[in-house]
Structures are given as structure tokens and as C-alpha cells.
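Chains X and F supply the protein sequences, listed in that same order. For the first sequence, this note's numbering assigns the number 1 to the initial residue and increments by one for each residue that follows. For the second sequence, this note's numbering assigns the number 1 to the initial residue and increments by one for each residue that follows.
If you are wondering where the hints come from, they were derived from the structure by calculation, not from laboratory data. Where hints are given, some of them may not hold.
Derived lysine to aspartate or glutamate pairs resembling EDC-like cross-links, with alpha carbons at most 16 angstroms apart [claimed, not checked]:
| # | chain 1 | residue 1 | chain 2 | residue 2 |
| --- | --- | --- | --- | --- |
| 1 | X | K22 | X | D58 |
| 2 | X | K12 | X | D58 |
| 3 | X | K56 | X | D10 |
| 4 | X | K82 | X | D58 |
| 5 | X | K22 | X | D10 |
| 6 | X | K82 | F | D192 |
| 7 | X | K82 | X | D65 |
| 8 | X | K207 | X | D178 |
| 9 | X | K56 | X | E76 |
| 10 | F | K34 | X | E75 |
| 11 | X | K230 | X | D201 |
| 12 | X | K82 | F | E131 |
| 13 | X | K207 | X | D234 |
| 14 | X | K207 | X | E227 |
| 15 | X | K82 | X | D95 |
| 16 | X | K230 | X | D210 |
| 17 | F | K37 | X | D112 |
| 18 | F | K39 | X | E115 |
| 19 | F | K39 | X | E109 |
| 20 | X | K56 | F | D192 |
| 21 | F | K37 | X | E109 |
| 22 | X | K230 | X | E242 |
| 23 | X | K82 | X | E68 |
| 24 | F | K34 | X | E79 |
| 25 | F | K91 | F | D192 |
| 26 | X | K56 | F | D128 |
| 27 | X | K82 | X | D159 |
| 28 | F | K34 | X | E228 |
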Amino acid sequence: MDQVMIEITDLKKGFGDNAVLKGVNLRVRRGETVVVIGRSGCGKSVLLKHIIGLMKPDSGRIVVDGVEVTALAGEELIEFRKRFGMLFQSSALFDSLSVWENVGLGLLEHTDLDENEVRRIAREKLELVGLTQVEDLRPSELSGGMKKRVGLARAIAMDPPVVLYDEPTTGLDPIMADVINQLIRRLQTTLQVTSIAVTHDMNSAMKIGDRLAMLYGGRIVFEGTPEEVKATQDPVVRQFVEGRAEGPIPIYEG
Amino acid sequence: MNLAQYVGRSVGFSVAEVGAVFILLCSAARRIPKALKQKHLVVEQMLRIGVGSIPLVLVTSVFTGGVAAVQAAYQFQNYVPLRYLGSVIGKSVVIELGPVLTALVVGGRVGASIAAELGTMKVTEQIDALETLAIDPIRYLVTPRLIAGIIMLPVITIFSDFIAIMGGYVVALIGLGITSHVYFSSLKLFLDTLDVFSGLIKAIFFGIIIAMMGSHHGLRTEGGAEGVGLATTRAVVSSCLLVLITDYVLASLLFRGVFSR
Ligand SMILES: Nc1ncnc2c1ncn2[C@@H]1O[C@H](COP(=O)(O)OP(=O)(O)OP(=O)(O)O)[C@@H](O)[C@H]1O
Ligand SMILES: [Mg+2]
Chain X
1 MDQVMIEITD LKKGFGDNAV LKGVNLRVRR GETVVVIGRS GCGKSVLLKH
51 IIGLMKPDSG RIVVDGVEVT ALAGEELIEF RKRFGMLFQS SALFDSLSVW
101 ENVGLGLLEH TDLDENEVRR IAREKLELVG LTQVEDLRPS ELSGGMKKRV
151 GLARAIAMDP PVVLYDEPTT GLDPIMADVI NQLIRRLQTT LQVTSIAVTH
201 DMNSAMKIGD RLAMLYGGRI VFEGTPEEVK ATQDPVVRQF VEGRAEGPIP
251 IYEG
Chain F
1 MNLAQYVGRS VGFSVAEVGA VFILLCSAAR RIPKALKQKH LVVEQMLRIG
51 VGSIPLVLVT SVFTGGVAAV QAAYQFQNYV PLRYLGSVIG KSVVIELGPV
101 LTALVVGGRV GASIAAELGT MKVTEQIDAL ETLAIDPIRY LVTPRLIAGI
151 IMLPVITIFS DFIAIMGGYV VALIGLGITS HVYFSSLKLF LDTLDVFSGL
201 IKAIFFGIII AMMGSHHGLR TEGGAEGVGL ATTRAVVSSC LLVLITDYVL
251 ASLLFRGVFS R
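Here chain X stands alone, though its shape is the one from the complex:
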């Protein structure tokens, strides 16, 4: 089980003058869930988008399951993405499709299952995220938290071996957040899903993460199990985890 599934080496990315990732190194083992924490705007979503090849790095490489994602392009890259599921921070649901079509689109496109079968699977995945009787609605008719959960159902619809979650519990009530935490945990224990989750929700981070990694100043400055995070004396991590305005992390960036 100690096989490395995702390996990020010296990843750098900037937008114009704004250097966002300044050399990120991170390894995720097969079947492991790593939670990336860090301040708003520090580049967590950008990091996830690199792993699935939606963004190209300025330098550095990412290897997933032995394949160098950063070297893929065109149809090879599209094909490779079948191994991934991704939940977007903004949910990014297809607003011209109904909820069940959103969840089932991958199945409709890539398998020979007929519409009824796909609908059934979509309904099943929606139940997993606590949604019933919404499958014929349009995304515009859902609340923010419902959209997030539809996005999650879509991400796991094809049972991908790697799932990237961008803030899975943001916008959910505490009870539903716990349902989602348990779901993520269960996917990992029953299906050996490897995942990287980004979150601000420390409670969720502690529950779903085998390890936590803190992204700060464009680098991973701390990695450790939830226990290690609780015990650490690192002032940056302490300030973040405890949610204090006072400390080494500046409030205004420039």
C-alpha cells in the first residue's frame, strides 16, 4: 500500500507578475487522502487544476499512477482523465442539462449503458450525497449546497480511482457536512480511492485527511497526520489551525 499514486515535483506557476506556486512538492500514496489547507488565494484550486491537467505549469512535473500528466496533451490527456473525478469549488454544473444528466454525462458518453440504467446510477449517487427527488430539476433550481453535492455525485459517478475535491463541505450545514465527510471516508475505505481535498473547514480536514499539507507562500510548508498537526509548534500552522488574526501570517498580501 505504500505505492506513490500522485507525485508533484517542484511545481511552479505564475500568472503574469503573480507567482502563485513557487515549487510545490507533494506525494500521495495509493488509497490515501491528503487534505491541502491554506489561506484563500494561496493557490489551492490552481494546484488541483494542475493535477488534472486543466492548467499547465511553468515548470515542474506531476506524475499520476506512473504517467506524467504534465507531458500529456490533446486526446491522450482527455483519455487519461477517465481516471479522475473532480469536484469544482464553484460546482461548475452544466446548466443546460438536468441534474441526473449532469451526474450521468460521463456514463452516457463513455459507456454503452442505456438511459434508464444511467438514470438509475445517477439516482444512486445522488442518494449517497443526501439528495432525492431532484434528478429532473435544472441546476438553476438548486441551492448552493445542493449544487455542491450534485457536483460531488458527478465526480464519483464513474467510480474513478482518483478524486480531487475542491472544498467539498463549503456551504453545507454542519449535519450535511458530516454526511459528506463520512462519504469521502467511505469511498476511501471501501474503494481505495486516492484523493486530494482542499478545504478551509478544519473540522472536515481532521476527519477526512490521513495527512494534512499546508500550502503557504507558494510552497508546502508543513505535512503531517491530524495528530501531528494538533501537536505542532510551527507558528504558521498553529495560527491557521486555530484561526487567529495575530501571528506570522500577514493579513494583507501585496
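Put chain F with the ligands on the given structure of chain X with help from the hints.
Quick look at chain F with the ligands alone, frame taken from chain X:
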């Protein structure tokens, strides 16, 4: 900034972009066999282009035919007998007015809607989401629109030709006192199948232009609502201009090259 750059920028089209559009066209065309396997996507786009455009094209075409009749009658004065009115209207409609006006009207409507739809999908990360589902956005979004444009523009053009000729007929009958028999026999006398054919060839090119301008500007959208607005404007302006330029090029090729021999 020189004049050419200024004009290029205002119409939303630069030399670098021509290359990008060409690459997009090639990628979209290469995916036609795959896209044809998913008929529902193509049919949906065909309906959206066709059904929505019919009322607009109907109105435009009736009046175009009517104006053609009035104008031709005015220019005929003392030089050409009015009984040739039908053939002049028929030829100008089928070769030129039908295809070009259809393309301008449909380009405004459909080009804008393609750009707005794809642009919104781009800025709300829906295109990224498609990619994460291992769905090729060009195959899924652009190619069905390209196929629909290629099929529907000629279809709408035939419809427009017919309506414009009837519009001319109404004016000829009521306003100019030409009988049905005279109008239609003169129409038949000079109207060539080659004329109709050349009009439809143009329509195919116009269909490609409209689909590609909408898709190109839509997929390149940056920012939010403002970006979508900009993309929409650019799609319409550039497709209308390209339609007119292509019309000239095709007219030169078809009538000076092929048909004059
Ligand atoms: N497409 C883009 N173009 C230009 N800059 C971008 C782009 N995407 C992200 N950025 C910049 O990269 C930085 C990191 O953005 P990112 O979305 O990764 O933050 P984040 O850590 O996910 O924040 P949050 O927790 O608020 O979601 C920001 O400064 C942002 O301005
Ligand atoms: Mg983010």
C-alpha cells in the same frame, strides 16, 4: 497602431486569430465522424439554428424580394421590358441576396447565441468540467454546431430564396401589373440550376463561418459577464464581415473561374 491594426482590433480579428480559427476548424472537422455517432447533439443544434431562424428569415426575405422587384422595375425604365422582371429577381435572389442575407441574419442570431453559450460555459468552468469528465469540448460542443451550420444554412437559404421570389411576385402582381404567367415563365427562362447551386455552395461556407466565429469567440472568453458580452459582439461582427468577404471571393471564383468557361 496603423490603420490595418486599428480596423482589425475594432472588428475583433487579428492575423494571429486567423491561425487559431483555422486550427479550431481543422480540429472540429476531424471530429465529424465521431460527432455524427451522437445524432442527438447534432439534431439539437440543427433545430436551434433552423426553427429559431425561420420567422426572421421569412420577414427579411419577403421584403428583400419586394425591394428587388421595385428596384429592378425602376432600373428597367425604358431600357428593358418589364416581362424580364421575374428572371432578374430570380437570379439576384438565388445567387446573391438569398444566401448573403440569410447568412447575415442567421449570423447575427446564431453566431451570438453560440458565443454567449460557450462563453458562459467557459467563464463558469463548465468547459473545464467537461474536460475532467474526459469529454472533448471540441467534439462535444464545436463539431455538432459546425455540422448543423453546414446543413442548415443551405436549407434556410432555399427557404429564403423561395420566399423572396414570392415577395417579388406579390409586388410584381399588385404594384407593377405583371401577370403570374409572365413572372414565372421569365423566372424559368433564365434561372439556371448552376445559379441555385452556386448560392448553396456559398451557404455552406457561410454556415462554416457562423459556427466557427461563434465557437472561437465563445471558447476564448475571459472574465465574467463583460467577457461574454464582448465575445458575443465579436462573433457577430466577425462573422458578418467574413460572410461579405467570402461572398466576394466565391463570386469571383465561381463566376469568373468555373462558369465563364
Ligand atoms: N485563471 C487565472 N488567471 C489569473 N490568475 C489566476 C487564475 N486562477 C487563479 N489565479 C490567481 O491564483 C491565485 C490562487 O488562486 P486559487 O483559486 O488557487 O486560490 P485558492 O487557494 O483556491 O483560494 P480559495 O480558498 O479562496 O478558493 C490567486 O491569486 C488568483 O488571483
Ligand atoms: Mg479555491
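Results of checking the hints against the structure:
1. Between K22/X and D58/X the alpha-carbon distance is near 10 angstroms, which keeps this suggested pair within the 16 angstroms criterion.
2. Of the pairs offered as hints, the one joining K12/X and D58/X holds, with about 6 angstroms between alpha carbons and a cut-off of 16 angstroms not exceeded.
3. For the proposed pair K56/X and D10/X, the alpha carbon gap of about 13 angstroms is at most 16 angstroms, so the pair holds.
4. Restraint check for K82/X and D58/X: not satisfied, since their Cα atoms lie roughly 25 angstroms apart, outside the 16 angstroms limit.
5. For the hint pairing K22/X with D10/X, the CA-to-CA distance comes to about 8 angstroms; that is within 16 angstroms, so the pair holds.
6. Between the alpha carbons of K82/X and D192/F the distance comes to roughly 54 angstroms, so the proposed pair goes past 16 angstroms and is violated.
7. Restraint check: the Cα-Cα separation between K82/X and D65/X comes to about 13 angstroms, which is no more than 16 angstroms; the hinted pair holds.
8. A distance of roughly 9 angstroms separates the Cα atoms of K207/X and D178/X; the hinted pair therefore holds under the 16 angstroms criterion.
9. For the hint pairing K56/X with E76/X, the CA-to-CA distance comes to about 15 angstroms; that is within 16 angstroms, so the pair holds.
10. Restraint check for K34/F and E75/X: the C-alpha separation of about 13 angstroms stays at or below 16 angstroms, so the hint holds.
11. Taking the CA atoms of K230/X and D201/X, the gap is near 15 angstroms; set against the 16 angstroms cutoff, the hint holds.
12. Between K82/X and E131/F the CA atoms are separated by roughly 10 angstroms; this keeps the pair inside 16 angstroms, and the hint holds.
13. A hinted pair counts as satisfied when its Cα atoms are at most 16 angstroms apart, and K207/X with D234/X does not qualify at roughly 21 angstroms.
14. For a cut-off of 16 angstroms, the pair hint linking K207/X to E227/X stands: about 11 angstroms separates their Cα positions.
15. For the hint linking K82/X to D95/X, the alpha-carbon distance of about 22 angstroms lies beyond 16 angstroms, and the restraint is violated.
16. With a C-alpha separation of about 13 angstroms, the suggested pair K230/X and D210/X falls inside the 16 angstroms cut-off, and the hint holds.
17. Using a Cα cut-off of 16 angstroms, the hinted pair K37/F and D112/X holds, with the two alpha carbons roughly 13 angstroms apart.
18. Between K39/F and E115/X the alpha-carbon distance is near 15 angstroms, which keeps this suggested pair within the 16 angstroms criterion.
19. Annotation: proposed proximity of K39/F to E109/X holds, straight-line Cα distance about 13 angstroms (limit 16 angstroms).
20. Proposed proximity of K56/X and D192/F is contradicted: the alpha carbons are some 56 angstroms apart, above 16 angstroms.
21. Pair hint K37/F plus E109/X holds up; C-alpha atoms about 11 angstroms apart against a cutoff of 16 angstroms.
22. For a cut-off of 16 angstroms, the pair hint linking K230/X to E242/X stands: about 10 angstroms separates their Cα positions.
23. Restraint check for K82/X and E68/X: satisfied, since their Cα atoms lie roughly 15 angstroms apart, inside the 16 angstroms limit.
24. A hinted pair counts as satisfied when its Cα atoms are at most 16 angstroms apart, and K34/F with E79/X qualifies at roughly 15 angstroms.
25. At most 16 angstroms may separate the alpha-carbon atoms for a hinted pair to count; K91/F and D192/F meet this at roughly 8 angstroms.
26. A distance of roughly 13 angstroms separates the Cα atoms of K56/X and D128/F; the hinted pair therefore holds under the 16 angstroms criterion.
27. Simply put, K82/X and D159/X have alpha-carbon atoms about 10 angstroms apart, close enough for the 16 angstroms limit, and the pair holds.
28. A hinted pair counts as satisfied when its Cα atoms are at most 16 angstroms apart, and K34/F with E228/X does not qualify at roughly 52 angstroms.
In summary, the structure is inconsistent with hints 4, 6, 13, 15, 20, 28 from the numbered list given earlier, while agreeing with the others.
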